[in-house]
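**Student:** The residues making up each chain are set out below.
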Amino acid sequence: MLYFISSVVVFFMFWLVLSGHYTLMLLAIGAVASILVVGLATRMAVIDREGHPIYLLYRAVWYWPWLFWEIVKSGISVSKIILSPTLPISPTLINLKATQKSVVGVVVYANSITLTPGTVSVEVEDNEITVHAITTLGAMDLEEGKMDRMVTKFEGGIGT
Amino acid sequence: MAIFIDILSWASIIIGGVFCIIGMIGLMRLPDLFTRLHGSSVTDTLGAGFLIFGMALQSGLSLTTAKLIIIFGLILLTSPVATHALAQAALHAGIKPKLTVDKTGGHIAGED
Chain S
1 MLYFISSVVV FFMFWLVLSG HYTLMLLAIG AVASILVVGL ATRMAVIDRE GHPIYLLYRA
61 VWYWPWLFWE IVKSGISVSK IILSPTLPIS PTLINLKATQ KSVVGVVVYA NSITLTPGTV
121 SVEVEDNEIT VHAITTLGAM DLEEGKMDRM VTKFEGGIGT
Chain U
1001 MAIFIDILSW ASIIIGGVFC IIGMIGLMRL PDLFTRLHGS SVTDTLGAGF LIFGMALQSG
1061 LSLTTAKLII IFGLILLTSP VATHALAQAA LHAGIKPKLT VDKTGGHIAG ED
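These protein sequence lines are chains S and U, in that order. So for the first sequence, our numbering puts the first residue at 1; every next one is plus one. So for the second sequence, our numbering puts the first residue at 1001; every next one is plus one.
It cannot be assumed that every hint is accurate.
To be verified - Now the stretches of chain U that chain S is said to cover, found in silico as 3 or more residues with beta-carbon under 8 Å:
id	stretch
1	1004 to 1017
2	1032 to 1040
3	1052 to 1061
4	1077 to 1088
It is worth saying that the hints were derived from the structure and are not from the lab. Glycine included, C-beta positions come from ideal geometry on N, C-alpha and C.
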């Protein structure tokens, strides 16, 4: 029920941002549309802890800035590699253990790896992630486990 | 003050464009599919990020900025999924990445 209400609120805010017209009729249509959509989604059983992880929102406040900074750092280093005349790449494939307890946590970790330039998660199964990195150094950085620990902290160690 | 924000936004848009071009150069120069994905991810994240930041500065505190933030969020959520799907499909189709170092010992996650 809590997830139902918070989904409706999120959808209605989305409507407000996209519409930009704040007359009573359009607001009412927006509210009805949000409730209908979330009602349909509830029947499809996708509005739950996993499909609508709103409880992660307050921890995202510090995880996202950290991730942005990582993206900027590795984006600049990949740009340097691309622009360097000798093209100093050393493509590496590596298996990583994900220490997250929930499916959402593992997905966040794998997507964070892919989002960071220079590393792509090519295969995910249970708690194992196979990563392709453009340099061996980048693979070693991931193996060291800073991002894994950050995501585990972000997830809060809650199971699904 | 307005000129300061304008300069910042122009700089941001130019930097975003430069990162898009760098991503494109990466696509051309890098040797195989998997390394080319790394080149394109520069365009996805830094290129799009700086462009949208520059555009947000132009529109100020308005509904347009809110929409730009939503677009940025959409890119951040969908681009890794698409990249992962592409890499996984390539691996399953039997395309072997050109590797300098293989730390997996031939073992890919999910295989016995």
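**Student:** In ascending order, which of the hints set out earlier in this document are inconsistent with the structure?
**Tutor:** 1, 3
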